[in-house]
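Please arrange chain B on chain A, whose structure you already have, making use of the hints.
Taken in sequence, the protein lines are chains A and B.
Numbering-wise, the first sequence is residues 1 to 392 according to our numbering.
Numbering-wise, the second sequence is residues 1 to 392 according to our numbering.
Check each hint, because a few of them may be wrong.
Said to hold, decoys possible - DEER-style ranges, computed between Cβ atoms:
#, chain 1, residue 1, chain 2, residue 2, range
1, A, W159, B, G163, 50 to 60 Å
2, A, E65, B, P9, 56 to 66 Å
3, A, W159, B, G89, 52 to 62 Å
To be verified - Mimicking DSSO-like on lysine-lysine, the simulated pairs with C-alpha atoms at most 30 Å apart in a straight line are:
#, chain 1, residue 1, chain 2, residue 2
4, B, K27, A, K226
5, A, K207, B, K11
6, B, K207, A, K227
7, B, K11, A, K33
8, A, K226, B, K227
9, A, K227, B, K33
10, B, K381, B, K125
11, A, K227, B, K324
12, A, K125, B, K11
13, A, K125, B, K207
14, B, K87, B, K16
15, B, K377, A, K16
16, B, K381, A, K11
17, A, K11, B, K125
18, B, K227, A, K207
19, B, K87, A, K11
Unchecked claim - Non-contacting residues of chain B with respect to chain A, defined by C-beta distances greater than 10 Å in every case (computed):
#, residue
20, F14
21, G15
22, R45
23, V70
24, V220
25, K227
26, G320
27, H338
28, G350
Since the hints were derived computationally from the structure, they do not count as laboratory data.
Small disclaimer: the values here were computed from a predicted structure and weren't measured.
Cβ coordinates follow ideal geometry from the N, Cα and C atoms, glycine included.
2 protein chains.
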Amino acid sequence: MENFVFNTPTKVIFGKGAENQVGALIKAQNCKKVLLHYGSGSAKRSGLLDRITASLQAQGIDFVELGGVVPNPRLSLVYEGVALCKKEGVDFILAVGGGSVIDSAKAIGYGVASGGDVWDFYNFKREATACLPVASVLTIAAAGSEMSDASVITNEDGWIKRGYSNELSRPVFAIMNPELTMTLPAYQTASGCVDIMMHTMERYFNKSDNMELTDGISEVILRTVKKNVAILMQEPENYNARAEVMWAGSLSHNGLTECGTDGGDWATHKLEHELGGLFDIAHGAGLAAIWSSWARYVYRERPQRFAQFAVNVMGIAPGGDTDKTALAGIAAMEDFYHSIDMPTRVSEMGITLTDAQIEEMAEKCYTSAQGPLGVVKPLEKADMIAIYSAAR
Amino acid sequence: MENFVFNTPTKVIFGKGAENQVGALIKAQNCKKVLLHYGSGSAKRSGLLDRITASLQAQGIDFVELGGVVPNPRLSLVYEGVALCKKEGVDFILAVGGGSVIDSAKAIGYGVASGGDVWDFYNFKREATACLPVASVLTIAAAGSEMSDASVITNEDGWIKRGYSNELSRPVFAIMNPELTMTLPAYQTASGCVDIMMHTMERYFNKSDNMELTDGISEVILRTVKKNVAILMQEPENYNARAEVMWAGSLSHNGLTECGTDGGDWATHKLEHELGGLFDIAHGAGLAAIWSSWARYVYRERPQRFAQFAVNVMGIAPGGDTDKTALAGIAAMEDFYHSIDMPTRVSEMGITLTDAQIEEMAEKCYTSAQGPLGVVKPLEKADMIAIYSAAR
Numbered sequence: 001m002e003n004f005v006f007n008t009p010t011k012v013i014f015g016k017g018a019e020n021q022v023g024a025l026i027k028a029q030n031c032k033k034v035l036l037h038y039g040s041g042s043a044k045r046s047g048l049l050d051r052i053t054a055s056l057q058a059q060g061i062d063f064v065e066l067g068g069v070v071p072n073p074r075l076s077l078v079y080e081g082v083a084l085c086k087k088e089g090v091d092f093i094l095a096v097g098g099g100s101v102i103d104s105a106k107a108i109g110y111g112v113a114s115g116g117d118v119w120d121f122y123n124f125k126r127e128a129t130a131c132l133p134v135a136s137v138l139t140i141a142a143a144g145s146e147m148s149d150a151s152v153i154t155n156e157d158g159w160i161k162r163g164y165s166n167e168l169s170r171p172v173f174a175i176m177n178p179e180l181t182m183t184l185p186a187y188q189t190a191s192g193c194v195d196i197m198m199h200t201m202e203r204y205f206n207k208s209d210n211m212e213l214t215d216g217i218s219e220v221i222l223r224t225v226k227k228n229v230a231i232l233m234q235e236p237e238n239y240n241a242r243a244e245v246m247w248a249g250s251l252s253h254n255g256l257t258e259c260g261t262d263g264g265d266w267a268t269h270k271l272e273h274e275l276g277g278l279f280d281i282a283h284g285a286g287l288a289a290i291w292s293s294w295a296r297y298v299y300r301e302r303p304q305r306f307a308q309f310a311v312n313v314m315g316i317a318p319g320g321d322t323d324k325t326a327l328a329g330i331a332a333m334e335d336f337y338h339s340i341d342m343p344t345r346v347s348e349m350g351i352t353l354t355d356a357q358i359e360e361m362a363e364k365c366y367t368s369a370q371g372p373l374g375v376v377k378p379l380e381k382a383d384m385i386a387i388y389s390a391a392r
Numbered sequence: 001m002e003n004f005v006f007n008t009p010t011k012v013i014f015g016k017g018a019e020n021q022v023g024a025l026i027k028a029q030n031c032k033k034v035l036l037h038y039g040s041g042s043a044k045r046s047g048l049l050d051r052i053t054a055s056l057q058a059q060g061i062d063f064v065e066l067g068g069v070v071p072n073p074r075l076s077l078v079y080e081g082v083a084l085c086k087k088e089g090v091d092f093i094l095a096v097g098g099g100s101v102i103d104s105a106k107a108i109g110y111g112v113a114s115g116g117d118v119w120d121f122y123n124f125k126r127e128a129t130a131c132l133p134v135a136s137v138l139t140i141a142a143a144g145s146e147m148s149d150a151s152v153i154t155n156e157d158g159w160i161k162r163g164y165s166n167e168l169s170r171p172v173f174a175i176m177n178p179e180l181t182m183t184l185p186a187y188q189t190a191s192g193c194v195d196i197m198m199h200t201m202e203r204y205f206n207k208s209d210n211m212e213l214t215d216g217i218s219e220v221i222l223r224t225v226k227k228n229v230a231i232l233m234q235e236p237e238n239y240n241a242r243a244e245v246m247w248a249g250s251l252s253h254n255g256l257t258e259c260g261t262d263g264g265d266w267a268t269h270k271l272e273h274e275l276g277g278l279f280d281i282a283h284g285a286g287l288a289a290i291w292s293s294w295a296r297y298v299y300r301e302r303p304q305r306f307a308q309f310a311v312n313v314m315g316i317a318p319g320g321d322t323d324k325t326a327l328a329g330i331a332a333m334e335d336f337y338h339s340i341d342m343p344t345r346v347s348e349m350g351i352t353l354t355d356a357q358i359e360e361m362a363e364k365c366y367t368s369a370q371g372p373l374g375v376v377k378p379l380e381k382a383d384m385i386a387i388y389s390a391a392r
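Isolated chain A, as found in the complex:
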């Protein structure tokens, strides 16, 4: 078992009508001016933004707006946000949306408070020294960014997608009303649930002696999401299922699922980042398209672990041959992904990967990893090419 630090200062306000508390919560922060940061459509169309601005105005809170965040949030908008915050004297950022908006808010927060070129933090040049306080009204259960220290930004110059983690960016509060996620299209709901499961699985498939308590919690999160996303494919307005998935999204990525472990593998995420940089796909769908190819490529390094996953998460009968059980678990995961209309190969997203594209992604991924990628089986560039090819 590994030593660990568990640090989840984000205050979660969870449930029906929670968004109506946003004005009072920000008021308590004693900030001068707020950046209201959001995406490109649904928060405005649904009337959520109007309710939030009304809540801010009722508390006499001064704010400026910056919309337009897109999935795989762009560095150019981050630069725009940094400039706007400096000009307007913004000292608090409220993200209204999903992980992309929150990630963009964190990047703006670093840029304003740490100074210099914000891309430096994502490009391994230096560490952030400060971040503006960030909070969110969450509208998509997926990324877990509402409680995490992580953010992912895409630099359009070369379409480089990079993640950066720093405790400074843990949000102050997260407002989570499952009702706000009810109108999400099925594809986005399913893609979000894959992301939640993968945040748990990236940590679950590790190389350390494990902590039973962490393993058990991870398995509960995975079973709960698996069960409830299936319900949501039939009943998108099932409140309890939306709530289970939404809370699972936060717990999967707030640190709870890595206590006592080595932090996990993360190869699937990094391989998907290159795919998501090159093609504008839903992050969760990209993860689903790659995971089983990664899993079959590496499972022999920890067959017992993959067998435990098969039995405790996928419901494979225990007691059989370890390798067979492990492989049955991977196949069952593919069946599950297909059952919620998620791909298990890149081609299922309508993308025909060329050898040159695979070479380019592997090269970028290896550079981004700054050496062999992952811990279950540290991947060299040739391994990445093999996995991308299998996932083609």
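Positioned in the frame of chain A, the structure of chain B alone reads:
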């Protein structure tokens, strides 16, 4: 499913040698003077206090000491601590010990920062308005006070034991090195594990629609503690088992096990508080002595819930008659308590309860509850007498 707030700001530093970071952690708090608060023996004998004072001195941190906290921590020492802190200008309290020391530290923190008679908060007279920052080096896995908003103090004037919960008292950080718990006597280890399990079970046995994710996490915590305390009865220096139990103690009581629920029943805890006020017994042992009598008295109000507990925690075969399964789970819990030398009746602690004592405890308990106690079956005074009598 109920709306909820999840707020766990306490930073946990977990693992071998974690206590050596205490000086640096306090230094970062920019406080003027620290109260070093501890118990009456083991932390001093083991050399832990010497290492902590060395760590404080190495950082040039000014501190005063107050030892002498006993199990069921006393109001008189809290008063002494409040006076000392005011005289010395203390603005940060470091508790070195278990739940009793941390609870005493929280009470002192309220007394200094909120002013007036600190007993007022425990006696329903008023709410605290502030609390000095509190942190701990934990030496016993049991109370969960290291991350919780709760504290329990005993007023020697009438031997009244009362709990008070307020978010203001959530500790700033908790240093948790499982090695520090290895020298605990088996009885204290077992008693602590009962407390951990009961913190989870008090919330698990509730009256609301539940959250599957919370149920699953609670069941994992219970199974993990049950398994690992049995290991510790044979191998008290098993690091991994100590670590599983220690982390379970925090998760059981930091809010995670009540997300989406009504907060739980808590009757067993309140009934034990009266027993612990009258007789100086280990809190966990007192809980074990009462729980099954409470459970048999109330299970018919939620037989399905008790049956779920029987199957998912106690390993009773599913599918049978609900009431029989529920009762088999309660009996299995009694067997488990006996297997770790915990009592399931008060007499097993060498105490012969008189009718007058039962009457007195029920009267105090009813007064303390300010009305019917618990949610599974709200207990009137006559119900309390029946449960105490069954637990005799």
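For this session: Decide if the proposed pair is consistent with the structure: A/K11 and B/K125, CA atoms, cutoff 30 Å inclusive.
Result: Roughly 28 Å between the alpha carbons, so the hint for A/K11 and B/K125 holds.
Exercise. Is 50 to 60 Å a correct range for the gap between the Cβ atoms of A/W159 and B/G163?
Worked result: This hint holds: roughly 57 Å between Cβ atoms.
Problem set entry | Proposed proximity, A/K11 with B/K87 (alpha carbon, max 30 Å) | Distance ~35 Å between B/K87 and A/K11 Cα, so the pair is violated.
Exercise. Quick one, are B/K207 and A/K227 close enough, alpha carbons at most 30 Å?
Worked result: Answer holds: B/K207 to A/K227 is near 24 Å, not above 30 Å.
Exercise. Can the restraint linking A/K227 and B/K33 be considered satisfied, given a maximum Cα separation of 30 Å?
Worked result: 52 Å, violated
Problem set entry | Agreement of B/K381 and B/K125 with the hint, judged by alpha carbon distance not exceeding 30 Å | Holds. B/K381 to B/K125 sits at ~23 Å (cutoff 30 Å).
Problem set entry | Check on B/V220 being off the interface with chain A, judged by Cβ distance over 10 Å | 3 Å, violated
Exercise. Per the hint of 52 to 62 Å, is the separation of the Cβ atoms of A/W159 and B/G89 within bounds?
Worked result: 58 Å, holds
Exercise. Within a Cα-Cα threshold of 30 Å, do B/K381 and A/K11 meet the stated pairing?
Worked result: At roughly 38 Å apart (the allowed maximum being 30 Å), A/K11 and B/K381 break the hint.
Exercise. Holds or violated: A/K227 with B/K324, Cα cutoff 30 Å?
Worked result: 29 Å, holds
Exercise. Regarding the pair B/K87 and B/K16, is the alpha-carbon distance no greater than 30 Å?
Worked result: Roughly 36 Å between the alpha carbons, so the hint for B/K87 and B/K16 is violated.
Exercise. Taking only the CA atoms, is the gap from A/K125 to B/K11 under or equal to 30 Å?
Worked result: Roughly 28 Å between the alpha carbons, so the hint for A/K125 and B/K11 holds.
Going down the numbered hints, you'll see the structure goes against 2, 4, 9, 13, 14, 16, 19, 20, 21, 24 and 25, while the others check out.
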